[in-house]
Amino acid sequence: MDKLISIYWFAILTIVAVAVVYMVAVFYSQPYDVREVEVNLLVNKVADCLSRGGELSSDLFYEGNFNVGYKDNFLETCGITFNTERDWIELQYYFLVEFFNIDLSDTGFFLEEGSLNLISSCDIQDEGKYERLAECVEKRFYAVSDGKQYLIKILGIVRKTEKNVN
Amino acid sequence: MSIKNNKRGQVADTITWIVATIILIVVLMVFVFIANLLAKTKKIGGLTDSLDSGGEKEADRVEVKTILAYRLNGLNKFTINNWINESET
Numbered sequence: 003m004d005k006l007i008s009i010y011w012f013a014i015l016t017i018v019a020v021a022v023v024y025m026v027a028v029f030y031s032q033p034y035d036v037r038e039v040e041v042n043l044l045v046n047k048v049a050d051c052l053s054r055g056g057e058l059s060s061d062l063f064y065e066g067n068f069n070v071g072y073k074d075n076f077l078e079t080c081g082i083t084f085n086t087e088r089d090w091i092e093l094q095y096y097f098l099v100e101f102f103n104i105d106l107s108d109t110g111f112f113l114e115e116g117s118l119n120l121i122s123s124c125d126i127q128d129e130g131k132y133e134r135l136a137e138c139v140e141k142r143f144y145a146v147s148d149g150k151q152y153l154i155k156i157l158g159i160v161r162k163t164e165k166n167v168n
Numbered sequence: 021m022s023i024k025n026n027k028r029g030q031v032a033d034t035i036t037w038i039v040a041t042i043i044l045i046v047v048l049m050v051f052v053f054i055a056n057l058l059a060k061t062k063k064i065g066g067l068t069d070s071l072d073s074g075g076e077k078e079a080d081r082v083e084v085k086t087i088l089a090y091r092l093n094g095l096n097k098f099t100i101n102n103w104i105n106e107s108e109t
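In the order they appear, the protein sequences are chains A and B. Going by my numbering, the first residue of the first sequence is number 3, and it counts up by one from there. Going by my numbering, the first residue of the second sequence is number 21, and it counts up by one from there.
One should not assume that every hint holds.
Cross-link-like lysine-lysine pairs, in silico, DSS-like; alpha carbons within 30 Å at most [stated by the list, open to error]:
hint: 1; chain 1: A; residue 1: Lys5; chain 2: B; residue 2: Lys60
hint: 2; chain 1: B; residue 1: Lys63; chain 2: A; residue 2: Lys155
hint: 3; chain 1: B; residue 1: Lys62; chain 2: A; residue 2: Lys47
hint: 4; chain 1: B; residue 1: Lys62; chain 2: A; residue 2: Lys162
hint: 5; chain 1: A; residue 1: Lys150; chain 2: A; residue 2: Lys47
hint: 6; chain 1: A; residue 1: Lys150; chain 2: B; residue 2: Lys97
hint: 7; chain 1: A; residue 1: Lys165; chain 2: B; residue 2: Lys97
hint: 8; chain 1: A; residue 1: Lys165; chain 2: B; residue 2: Lys60
hint: 9; chain 1: A; residue 1: Lys73; chain 2: A; residue 2: Lys155
hint: 10; chain 1: B; residue 1: Lys63; chain 2: A; residue 2: Lys165
hint: 11; chain 1: A; residue 1: Lys162; chain 2: A; residue 2: Lys73
hint: 12; chain 1: B; residue 1: Lys97; chain 2: A; residue 2: Lys47
hint: 13; chain 1: B; residue 1: Lys97; chain 2: A; residue 2: Lys155
hint: 14; chain 1: A; residue 1: Lys47; chain 2: A; residue 2: Lys162
hint: 15; chain 1: A; residue 1: Lys47; chain 2: A; residue 2: Lys165
Hints were generated in silico from the structure; no laboratory data involved.
Throw the hints in and build the complete structure from the sequences for me.
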């Protein structure tokens with residue numbers, strides 16, 4: 003009789019232990035979504051590269067106009083890399099920098115890097131249907147250069163859904 | 021007569037154990053179900069890399085650039101602020 007009770011209690015303990023381990027595993031196996039932090043870092047990095055102390059970088063201009071050649075090596079100049087810790091087929095980052103005059107007219111000059119396919123994710127995200135497609139952040143600031151006033155808009159997008167969302 | 025009474029007592033004992041086991045398993049299943057409900061992706065909030073601009077309001081890192089630019093050229097502040105705040109709406 004004692005033997006039977008011992009076996010029974012061992013079985014109960016095993017069931018409870020398995021249940022506890024399962025609950026802990028399920029709860030803590032969920033990923034952390036750090037994309038909002040990541041995209042803010044990207045936007046801040048781009049902004050820091052473009053403007054220091056309220057002034058736009060002199061490299062942005064050539065003979066009084068925007069330097070179109072600045073786009074070519076922008077990532078290298080600013081020390082930004084789109085390499086990821088995991089191999090994705092497409093780039094997982096995107097940013098767009100637009101420059102406006104003080105009268106809100108577009109200067110026509112912009113800086114763009116990354117995967118263009120991510121832009122549509124922001125529009126869909128606004129509708130609230132698919133909140134986990136990509137993380138989009140837009141920041142705006144003001145800067146001056148040679149007495150002229152400029153408005154700068156930076157849109158940053160990070161996808162990496164497979165790593166951050168379950 | 022005495023054997024019959026003993027049999028009844030043993031059945032009652034066994035039923036107690038079975039009911040207790042069933043209750044235990046049901047309670048465990050409820051906890052597992054609750055754990056599954058609570059388990060979800062944990063979103064880490066935005067970067068709060070900010071500077072204290074005089075104690076009134078914490079300024080965003082990018083916002084600081086605007087503040088510094090105002091010191092160089094403070095014209096059209098109303099237009100600029102409206103344009104910047106558009107993105108927050």
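Holds or violated: B/Lys62 to A/Lys162, with C-alpha atoms at most 30 Å apart
holds, 15 Å
Can the restraint linking B/Lys97 and A/Lys155 be considered satisfied, given a maximum Cα separation of 30 Å?
holds, 17 Å
Would the hint linking A/Lys47 and A/Lys162 be met if the CA-CA limit is 30 Å?
Holds, at about 19 Å.
Within a Cα-Cα threshold of 30 Å, do B/Lys62 and A/Lys47 meet the stated pairing?
Holds, because 25 Å separates the two Cα atoms, which is no more than 30 Å.
Holds or violated: A/Lys162 and A/Lys73, Cα atoms, limit 30 Å.
holds, 25 Å
Check the hint pairing B/Lys63 with A/Lys155 against an upper bound of 30 Å on the C-alpha distance.
holds, 25 Å
When you check the alpha-carbon spacing of A/Lys150 and B/Lys97, does it fall within 30 Å?
holds, 14 Å
If you draw a straight line from the CA of A/Lys5 to the CA of B/Lys60, is it 30 Å or shorter?
violated, 43 Å
Are the Cα atoms of A/Lys73 and A/Lys155 separated by 30 Å or less?
holds, 16 Å
Satisfaction of hint between A/Lys47 and A/Lys150, Cα-Cα up to 30 Å
Roughly 23 Å separates the two Cα atoms, so the pair holds.
Tell me if the straight-line CA distance from A/Lys165 to B/Lys97 falls inside 30 Å.
The given pair, whose Cα atoms are some 42 Å apart, is violated under the 30 Å limit.
Between the alpha carbons of A/Lys47 and A/Lys165, is the straight-line distance 30 Å or under?
At roughly 22 Å apart (the allowed maximum being 30 Å), A/Lys165 and A/Lys47 satisfy the hint.
Checked against the numbered hints given earlier, this structure breaks hints 1 and 7; the rest are met.
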